[in-house]
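S.K.: Here is what each chain is made of, one letter per residue.
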Amino acid sequence: MKTLLTSKDIHITLQRLTHQLIENHGNFSDTAIIGIQPRGIYLSDRIYSLVTQLTGNNNISYGKLDITFYRDDVHQSANIHIPSQTTIDFSVEDKNVLLIDDVLYTGRTIRSAMDALIDYGRPKKMELLTLIDRRFSRELPIQPDYAGFSVDTITTQRVKVLWQEKDGKDEVALVDMPQ
Amino acid sequence: MGLSVKHLLGIRELQTSDIEKIFQTADNFKQILNRPVKKVPALRDTTIANVFFENSTRTRLSFELAEKRLGADVVNFSASGSSVSKGETLLDTVNNLLAMKIDMVVMRHSASGAPWFLSQHINASVVNAGDGINEHPTQALLDAYSIREKHGDLKGKRIALLGDIMHSRVALSNIYCLTKMGAEVTVAGPPTLIPKNIQSLGVKVEYDIKKALEWCDVANVLRIQLERQNKPLFSTLREYALYYGVSKSMLDSLEKNITIMHPGPINRGVELTSDAADSKQSIILGQVENGVAIRMAVIYLLSGTREMTV
Numbered sequence: 001m002k003t004l005l006t007s008k009d010i011h012i013t014l015q016r017l018t019h020q021l022i023e024n025h026g027n028f029s030d031t032a033i034i035g036i037q038p039r040g041i042y043l044s045d046r047i048y049s050l051v052t053q054l055t056g057n058n059n060i061s062y063g064k065l066d067i068t069f070y071r072d073d074v075h076q077s078a079n080i081h082i083p084s085q086t087t088i089d090f091s092v093e094d095k096n097v098l099l100i101d102d103v104l105y106t107g108r109t110i111r112s113a114m115d116a117l118i119d120y121g122r123p124k125k126m127e128l129l130t131l132i133d134r135r136f137s138r139e140l141p142i143q144p145d146y147a148g149f150s151v152d153t154i155t156t157q158r159v160k161v162l163w164q165e166k167d168g169k170d171e172v173a174l175v176d177m178p179q
Numbered sequence: 001m002g003l004s005v006k007h008l009l010g011i012r013e014l015q016t017s018d019i020e021k022i023f024q025t026a027d028n029f030k031q032i033l034n035r036p037v038k039k040v041p042a043l044r045d046t047t048i049a050n051v052f053f054e055n056s057t058r059t060r061l062s063f064e065l066a067e068k069r070l071g072a073d074v075v076n077f078s079a080s081g082s083s084v085s086k087g088e089t090l091l092d093t094v095n096n097l098l099a100m101k102i103d104m105v106v107m108r109h110s111a112s113g114a115p116w117f118l119s120q121h122i123n124a125s126v127v128n129a130g131d132g133i134n135e136h137p138t139q140a141l142l143d144a145y146s147i148r149e150k151h152g153d154l155k156g157k158r159i160a161l162l163g164d165i166m167h168s169r170v171a172l173s174n175i176y177c178l179t180k181m182g183a184e185v186t187v188a189g190p191p192t193l194i195p196k197n198i199q200s201l202g203v204k205v206e207y208d209i210k211k212a213l214e215w216c217d218v219a220n221v222l223r224i225q226l227e228r229q230n231k232p233l234f235s236t237l238r239e240y241a242l243y244y245g246v247s248k249s250m251l252d253s254l255e256k257n258i259t260i261m262h263p264g265p266i267n268r269g270v271e272l273t274s275d276a277a278d279s280k281q282s283i284i285l286g287q288v289e290n291g292v293a294i295r296m297a298v299i300y301l302l303s304g305t306r307e308m309t310v
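For the protein sequence lines, the chains are A and B, in the order given. Under this note's numbering, the residue at position 64 of the first sequence is numbered 64, and the numbers go up by one with no gaps. Under this note's numbering, the residue at position 26 of the second sequence is numbered 26, and the numbers go up by one with no gaps.
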């Protein structure tokens, strides 16, 4: 297991991403933040609170999206997935929507998320923010608009993103999977 | 992880964790059913046959809607007007359906155990939509889910099942489901309609409807199943309504507001009067709404893993 980002690195990266977001979205009056369940919500919680702090806007639309029923491998994975909660208590119609997930790998999750979100309404625009972009592993033509850190990996490796709230510490690590 | 079973034949075979998974998944579907787009594509690769050998309105529509909202292809079959009337056996009928590449069979049958028999002979998953006087698992799940929605955790809640316990598959499934979830259950009705030794299932027996109502938080009023009674078990419907029917004035005389449920179809004026069925205490239409979400959850969780066949 090799550490890619320490807690301090993550802190700096999140600050940078937040400033980039504010550059493009101003005070977020027209932009909604959507975290993708189950692992993207820890990142989206952080981004949401940083954006709230920096813009002073306490009314930013923030939701969480479960994509289980939109996966393209519902009946191919070893076990059927139990869904997490979706909480979107605002209309995404005509909004700029920022999708947030921790790792962008094959792009299939994001494809599902786009389909799932469009069933809630027609956003004006969708963007993607991920903490980790695993380049050269894409199976669909999907790229992030904001990426914290790009890594070149091979398929036998896994990128683990740990969060204080869930795993007891902030860290991004590269793990070799047994062959 | 999905459910611990491949078929939903009854609540008896389910583990508590299965029921919790179904409820959790149904929460998601309930939310989806309240969106402008009420469909998800999860089962777009699945074909489901609804095979009904017995009449049904709610259950059949509810299953069909649940399947369609999951994106599945649906075929419907009802015994009347089919080759069953020419003498085709159950297994032949279903095998012919399966030859048309069907992944799941939802079946209602007047013979207790028919879905179990089917599950022994076919590869597709079987969902029991009511078999004789045995079980009606999705009804019990939606009843328990509706109670949970209204009253929170089922643990320690007092539920009374009133009326024709003997012939009611809803009653048996409800007893299994509610006791597994930790609720207290009392069955109440005329002695001729309460099976002997039903206490062995962990329920109390009461012959006075008023006392049962005073005891409970929720009363699930069951239909008098005249079609299954081949000898008279009470004198007249009028007498039944008088001694065992639930009315609004009876509810008003209680010290607390209990919740009234009914699996439908209601015999208005027999087991339940109209003013009670349509009162604020009734969640009967809420049960119907939850039925679709519960059936979506059951079908989704049973759809499981499929080998890719080319």
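Misleading hints may appear alongside valid ones.
Stated by the list, open to error - What follows is a set of in silico ranges between Cβ atoms, one per label pair, in the way DEER data are often shown:
(1) A:ASP73 / B:SER4: 14 to 24 Å
(2) A:ASP73 / B:GLU289: 46 to 56 Å
(3) A:THR3 / B:GLU289: 30 to 40 Å
(4) A:THR87 / B:GLY182: 49 to 59 Å
(5) A:ASN27 / B:GLU255: 27 to 37 Å
(6) A:GLY26 / B:MET100: 15 to 25 Å
(7) A:GLN164 / B:THR57: 31 to 41 Å
(8) A:GLN15 / B:ARG58: 35 to 45 Å
(9) B:GLY156 / A:MET1: 41 to 51 Å
(10) A:GLN164 / B:LEU201: 29 to 39 Å
(11) B:ARG12 / A:GLN15: 35 to 45 Å
(12) B:SER4 / A:LYS169: 40 to 50 Å
(13) B:ASP278 / A:ALA78: 45 to 55 Å
The set of hints was computed from the structure by calculation and includes no laboratory data. Backbone N, C-alpha and C define an ideal beta-carbon position, used for all residues, glycine too.
S.K.: Taking the hints in turn, state whether each one holds.
M.R.: Quick rundown of the hints versus the structure:
1. For A:ASP73 paired with B:SER4, a C-beta distance near 22 Å keeps the hint of 14 to 24 Å intact.
2. Evaluation of the 46 to 56 Å hint for A:ASP73 and B:GLU289 yields a failure: the beta carbon distance comes to about 31 Å.
3. Distance hint check: the CB atoms of A:THR3 and B:GLU289 are about 50 Å apart, inconsistent with the given range 30 to 40 Å.
4. At about 28 Å, the CB distance of A:THR87 to B:GLY182 disagrees with the hint of 49 to 59 Å.
5. Distance hint for A:ASN27 and B:GLU255: a CB-CB separation of about 55 Å, inconsistent with the stated range 27 to 37 Å.
6. Between A:GLY26 and B:MET100, the C-beta spacing of about 57 Å breaks the proposed range 15 to 25 Å.
7. A beta carbon spacing of about 53 Å between A:GLN164 and B:THR57 contradicts the range 31 to 41 Å that was offered as a hint.
8. For the hinted restraint 35 to 45 Å between A:GLN15 and B:ARG58, the CB-CB distance of approximately 56 Å leaves it violated.
9. Taken as a hint, the range 41 to 51 Å holds for the pair B:GLY156 and A:MET1, whose Cβ atoms sit roughly 46 Å apart.
10. Range check, A:GLN164 to B:LEU201: about 48 Å between beta-carbon atoms, so the 29 to 39 Å window is missed.
11. For the hinted restraint 35 to 45 Å between B:ARG12 and A:GLN15, the CB-CB distance of approximately 57 Å leaves it violated.
12. The given range of 40 to 50 Å is broken by B:SER4 and A:LYS169, whose C-beta atoms sit roughly 35 Å from each other.
13. A C-beta distance of roughly 49 Å is found between B:ASP278 and A:ALA78, which places it inside the suggested range of 45 to 55 Å.
Checked against the numbered hints listed earlier, the structure breaks hints 2, 3, 4, 5, 6, 7, 8, 10, 11 and 12; every other hint is satisfied.
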